[in-house]
Amino acid sequence: MTTPPSPTVFVVDDYAPVRSSISRLLRAAGFAVAAFGSPQEFLAQYDPRIPGCLVLDLDMPAVNGFELQRILAKKGSLLPIIFLTGHGDIPKSVRAMKHGASDFLTKPVNDEDLLAAIRVAIEKDRALRRGQTNLTEIRARLATLTPREREVLEHVVTGKLNKQIAGDLGTVEQTVKVHRARVMDKLKVQSVAELVRLTERCGITGR
Amino acid sequence: MTWITIVWSMNAAACLTLAGIYLLVWCKQREGWAHLLFSFTAVAAAAIAAFELAMMHAETVGRYEALIRWIHVPVWVLIVSVVSFVRLYLRAGRPWLAWSICGLRTLVLILDFIFTPNLNFRQITSLRQFSWGSEVISVPIVAANPWILLSSVSLLLLIIFFIDATITVWRRGDRRRALVVGGSMIFGAILAWHVPLVIWGIIDIPFFLSFAYSGIVAAMAYELSYDLLHAAQLARQLQASEADLRETEERMELAASAAKLGMWMWDIARNEIWITDKGRALFGFAPSEKVDFDRFRTAVHPEDREFVLQAVENSLHTGAEYEAEYRVLLADGQVRWIAGRGHVEFNGNGQPARMRGAALDITKRKQAEEQFRLVVEAAPNAMIMVNTDGCITLVNTQAEAVFTYAREELIGHPIEMLVPERFRSNNMGDRRCYFCDARARPMGAGQELFGRRKDGSEVPIEIGLNPIHTSEGLFVLASIIDISERKRAELEAARQRSQMAHLSRVTTLGELSGSLAHELNLPLSAILFNAQAAQRLLAHGDADLAEVQEILSEIVSEDKHAGEVIRRLRLWLKKGEVQQHSLRINKVVQDVLKLIRSDLVNQNVTADVELARNLPTVTGDPVQLQQVLVNLVVNACDAITNCTIPERRLLIRTGIENRNGSSAVTVSVTDRGGSIPEEKMEQIFEPFFTTKAKGMGLGLSVCRTIIAAHRGKLWATNNADCGATFRFSLPIGVPDKEVVITNN
Numbered sequence: 009m010t011t012p013p014s015p016t017v018f019v020v021d022d023y024a025p026v027r028s029s030i031s032r033l034l035r036a037a038g039f040a041v042a043a044f045g046s047p048q049e050f051l052a053q054y055d056p057r058i059p060g061c062l063v064l065d066l067d068m069p070a071v072n073g074f075e076l077q078r079i080l081a082k083k084g085s086l087l088p089i090i091f092l093t094g095h096g097d098i099p100k101s102v103r104a105m106k107h108g109a110s111d112f113l114t115k116p117v118n119d120e121d122l123l124a125a126i127r128v129a130i131e132k133d134r135a136l137r138r139g140q141t142n143l144t145e146i147r148a149r150l151a152t153l154t155p156r157e158r159e160v161l162e163h164v165v166t167g168k169l170n171k172q173i174a175g176d177l178g179t180v181e182q183t184v185k186v187h188r189a190r191v192m193d194k195l196k197v198q199s200v201a202e203l204v205r206l207t208e209r210c211g212i213t214g215r
Numbered sequence: 023m024t025w026i027t028i029v030w031s032m033n034a035a036a037c038l039t040l041a042g043i044y045l046l047v048w049c050k051q052r053e054g055w056a057h058l059l060f061s062f063t064a065v066a067a068a069a070i071a072a073f074e075l076a077m078m079h080a081e082t083v084g085r086y087e088a089l090i091r092w093i094h095v096p097v098w099v100l101i102v103s104v105v106s107f108v109r110l111y112l113r114a115g116r117p118w119l120a121w122s123i124c125g126l127r128t129l130v131l132i133l134d135f136i137f138t139p140n141l142n143f144r145q146i147t148s149l150r151q152f153s154w155g156s157e158v159i160s161v162p163i164v165a166a167n168p169w170i171l172l173s174s175v176s177l178l179l180l181i182i183f184f185i186d187a188t189i190t191v192w193r194r195g196d197r198r199r200a201l202v203v204g205g206s207m208i209f210g211a212i213l214a215w216h217v218p219l220v221i222w223g224i225i226d227i228p229f230f231l232s233f234a235y236s237g238i239v240a241a242m243a244y245e246l247s248y249d250l251l252h253a254a255q256l257a258r259q260l261q262a263s264e265a266d267l268r269e270t271e272e273r274m275e276l277a278a279s280a281a282k283l284g285m286w287m288w289d290i291a292r293n294e295i296w297i298t299d300k301g302r303a304l305f306g307f308a309p310s311e312k313v314d315f316d317r318f319r320t321a322v323h324p325e326d327r328e329f330v331l332q333a334v335e336n337s338l339h340t341g342a343e344y345e346a347e348y349r350v351l352l353a354d355g356q357v358r359w360i361a362g363r364g365h366v367e368f369n370g371n372g373q374p375a376r377m378r379g380a381a382l383d384i385t386k387r388k389q390a391e392e393q394f395r396l397v398v399e400a401a402p403n404a405m406i407m408v409n410t411d412g413c414i415t416l417v418n419t420q421a422e423a424v425f426t427y428a429r430e431e432l433i434g435h436p437i438e439m440l441v442p443e444r445f446r447s448n449n450m451g452d453r454r455c456y457f458c459d460a461r462a463r464p465m466g467a468g469q470e471l472f473g474r475r476k477d478g479s480e481v482p483i484e485i486g487l488n489p490i491h492t493s494e495g496l497f498v499l500a501s502i503i504d505i506s507e508r509k510r511a512e513l514e515a516a517r518q519r520s521q522m523a524h525l526s527r528v529t530t531l532g533e534l535s536g537s538l539a540h541e542l543n544l545p546l547s548a549i550l551f552n553a554q555a556a557q558r559l560l561a562h563g564d565a566d567l568a569e570v571q572e573i574l575s576e577i578v579s580e581d582k583h584a585g586e587v588i589r590r591l592r593l594w595l596k597k598g599e600v601q602q603h604s605l606r607i608n609k610v611v612q613d614v615l616k617l618i619r620s621d622l623v624n625q626n627v628t629a630d631v632e633l634a635r636n637l638p639t640v641t642g643d644p645v646q647l648q649q650v651l652v653n654l655v656v657n658a659c660d661a662i663t664n665c666t667i668p669e670r671r672l673l674i675r676t677g678i679e680n681r682n683g684s685s686a687v688t689v690s691v692t693d694r695g696g697s698i699p700e701e702k703m704e705q706i707f708e709p710f711f712t713t714k715a716k717g718m719g720l721g722l723s724v725c726r727t728i729i730a731a732h733r734g735k736l737w738a739t740n741n742a743d744c745g746a747t748f749r750f751s752l753p754i755g756v757p758d759k760e761v762v763i764t765n766n
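Protein chains in written order, with my numbering: chain A, 9 to 215; chain B, 23 to 766.
Any given hint might turn out to be false.
[Claimed, not checked] Across the chosen pairs, the derived CB separations fall in these ranges:
{"hint": "1", "chain 1": "A", "residue 1": "GLN53", "chain 2": "B", "residue 2": "GLU708", "range": "51 to 57 Å"}
{"hint": "2", "chain 1": "B", "residue 1": "ARG681", "chain 2": "A", "residue 2": "ILE79", "range": "47 to 53 Å"}
{"hint": "3", "chain 1": "A", "residue 1": "GLU131", "chain 2": "B", "residue 2": "VAL578", "range": "36 to 42 Å"}
{"hint": "4", "chain 1": "B", "residue 1": "ASP743", "chain 2": "A", "residue 2": "GLN53", "range": "35 to 41 Å"}
{"hint": "5", "chain 1": "B", "residue 1": "PRO699", "chain 2": "A", "residue 2": "PRO56", "range": "24 to 30 Å"}
{"hint": "6", "chain 1": "B", "residue 1": "ASP743", "chain 2": "A", "residue 2": "ASP121", "range": "24 to 30 Å"}
{"hint": "7", "chain 1": "A", "residue 1": "ASP121", "chain 2": "B", "residue 2": "VAL578", "range": "39 to 45 Å"}
{"hint": "8", "chain 1": "B", "residue 1": "PRO699", "chain 2": "A", "residue 2": "GLU131", "range": "40 to 46 Å"}
{"hint": "9", "chain 1": "B", "residue 1": "LEU525", "chain 2": "A", "residue 2": "ILE79", "range": "54 to 60 Å"}
{"hint": "10", "chain 1": "B", "residue 1": "PRO699", "chain 2": "A", "residue 2": "ASP121", "range": "46 to 52 Å"}
{"hint": "11", "chain 1": "B", "residue 1": "ALA742", "chain 2": "A", "residue 2": "GLN53", "range": "31 to 37 Å"}
In case anyone wonders, no lab produced these hints; they're calculated from the structure. Since the structure is predicted, the reported quantities are computational estimates derived from the model, not experimental observations. We put the CB at the ideal spot given by N, CA and C, even for glycine.
With the rest of the complex left out, here is chain A (with noise of 0.2 Å):
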């Protein structure tokens, strides 16, 4: 496994002035960045693998902000994204804190401040892309079993008795028992309260 790359802050900004000024500011800081001037240019060449944060311009014709923050929803990224506004109110800051924004600032900010929401945006980022990593490794196990030993798994995460499963499914305790032995060992869980939690973290729901 290569080195995972170090975290960049993407900046999406329609005013030149302000994406190459803010640039500056957070490369003086230390931070690798890379701008943008309108959210398709960044939707283009946005590469998910990377870590990072995206400070993003709510303010801009065509796609704004908030749409930018929709689309990368819809696509499961989970980049988190501090806004910039000209103009913020609350109504605004609201909804995009209630879709998952890290941060809402207005301008012009202090370079402290907002260095501090960038901090907080790639700590947050790590720690997701932790998460992440092991929600793969779930989902790897997962594509092992087959389909009725899916079908098993669905009807035990509901708490059902084997015999009740057996029912469900028009076959044997006996052949029940060694579906959940079977599911059990290539998930690599010793409990079923164990099994319950990781399909939870899958999105696995019961039947």
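Fit chain B to the known structure of chain A by using the hints.
Only chain B this time, still in chain A's reference frame:
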């Protein structure tokens, strides 16, 4: 009686008859001295004939001596008379010769009475008698007196005098007179020489000296009678020509009467005025009344008397044509206007002798003039009439009031005195042009006109021009309206409009959710970030100078940008002078986009812009036009926001349209929002009509006022699919004076 007695007597009688006739003629014409002289000559000739007859029949020596002595008297009379006749009548002969002859003859006459028995002879010794025909004639035998030489010399001088005079007359070209009068005199003078020949016994003939003189008398009589005949002929001719003249005069009088002219002639020396019947009627003179200058003077209206007298005096002194228009006061109190004209005739000494002229009744013309004057006077506007030379000929009271000049100060002066100096030269040119192509029209189309008052101040005016063709030539009647009050009202309206527009702009700014203040955040942010980046770079101690340089230049440029935003804001909020510029509408659209950029972004509305190329310029106030466009765009954004259709776009488009032959630049704002109910299509432009919760309802009404002040139109239409389009048009071309007005 013997025949000699008969012939000599007849000769004498004939001479006396002629003398009598011409004496009578002289009595009638005292200045005809030639006639008197002729009478003397003829009488003398008759007397000589009588003496000759007596001498031829003399019986004694003593009687003969006495007769010779006394015959010298008629001879003296005859010679002096003839010489005088030649000098006076023929205007010939040398004066010294004439005086010599007269002097010599007088000496001869005096000596004749001193010597005994007479000048001719020292002594008559006896009488010799010879018979001539059936007559016996006495001739003296004498001892001659040497002093007789004086008489001979006088006769010789007489012949020379006659010859000289004859030559003079001949040379003068009057050959007939030279031959008849001069010839007979010379002949007569030569014939006189027979007397000594008879006395000396060389020839035996009777004395016929009287016949020699009678020849002269006959020639003189012939000449005088010729003159009398000629005079009579001339008199006849004169009579005929006088008749002609009278006829001409009658014709002229007829013509004058037809033309209602009264003809007159003033004999200045006799102070008599002859005047035609028509003239008498004009002045109210009785038909037989004797008219002199004083009578004429009393006929003239008392108020005009002095002026008429001056005109007459002036003609008499300078010889100039007499010309005057004056009133005559008739007996019944009626007033009649007369135009008088005349000229003076001078005598040989340069003194005025006569004055002739005519008088015309111009009462009707004067009444028409008076009516015209009253109409002009009663006109509600200032009226000024100007002739082709640009001189003022008529003004009314209103004109006096507008220009603050008195009437007398205006009449006869050039109209340019009422034009401000900066327009004067142009006005003179324009005036000439107008007289070339004179028709009724307003003056100075599209320009603001000013008049100049007496104190030099200017007054805004409007002028209508009317040509007036009269018998005295072309005049222009200018009707002038003082538009100061209107200007003031316009100014007040413009001031209120400007205040309203300003109020509306401030309101609009409040309504702009993005607000211009936000625009300041961008450059301020950039400046702050740049400055802090520089601080960090410098704190590390390893600052890249090139980068710091870049940071500083960006700070400078952003600071300028911020300044620009503030300037725009200030302009927008500025209150006061409405300016008129020649401007490009596309620039106005671009400026507006800069103003409302952040608002569009904030409301997530995209503005599409389609600007037509090469649009002509329009004239107007850029801020007010921006204000209109901002209002329309803000309204469009509101319409989009209130609409459920997700398309958040609006379209701003510029173009040109031709309607009724005039071109206009148009600007339209189209949204994809809801449509306007038809019944509210006009209502939306009324003040205080609004659909917005927080709106004042002034925006569109102010917009329409602004566009109307730019002579443009603002209206709304619904789009075929959805939304509405607001459009305004502005005329192309000449500056509009409505917009020029400033509010101070």
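Here's how the hints hold up against the structure:
1. A/GLN53 to B/GLU708: 51 to 57 Å: Cβ of A/GLN53 to Cβ of B/GLU708: about 54 Å, so the range 51 to 57 Å holds.
2. B/ARG681 to A/ILE79: 47 to 53 Å: 49 Å, holds
3. A/GLU131 to B/VAL578: 36 to 42 Å: Given about 37 Å between the Cβ atoms, the range holds.
4. B/ASP743 to A/GLN53: 35 to 41 Å: 38 Å, holds
5. B/PRO699 to A/PRO56: 24 to 30 Å: At 51 Å between Cβs, range violated.
6. B/ASP743 to A/ASP121: 24 to 30 Å: 48 Å, violated
7. A/ASP121 to B/VAL578: 39 to 45 Å: Roughly 25 Å apart at Cβ, these two residues miss the hinted range, so it is violated.
8. B/PRO699 to A/GLU131: 40 to 46 Å: Distance hint for B/PRO699, A/GLU131 is violated at roughly 58 Å.
9. B/LEU525 to A/ILE79: 54 to 60 Å: 44 Å, violated
10. B/PRO699 to A/ASP121: 46 to 52 Å: Roughly 51 Å apart at Cβ, these two residues keep to the hinted range, so it holds.
11. B/ALA742 to A/GLN53: 31 to 37 Å: At 42 Å between Cβs, range violated.
In this structure, the earlier hints numbered 5, 6, 7, 8, 9 and 11 are contradicted, and the remaining ones agree with it.
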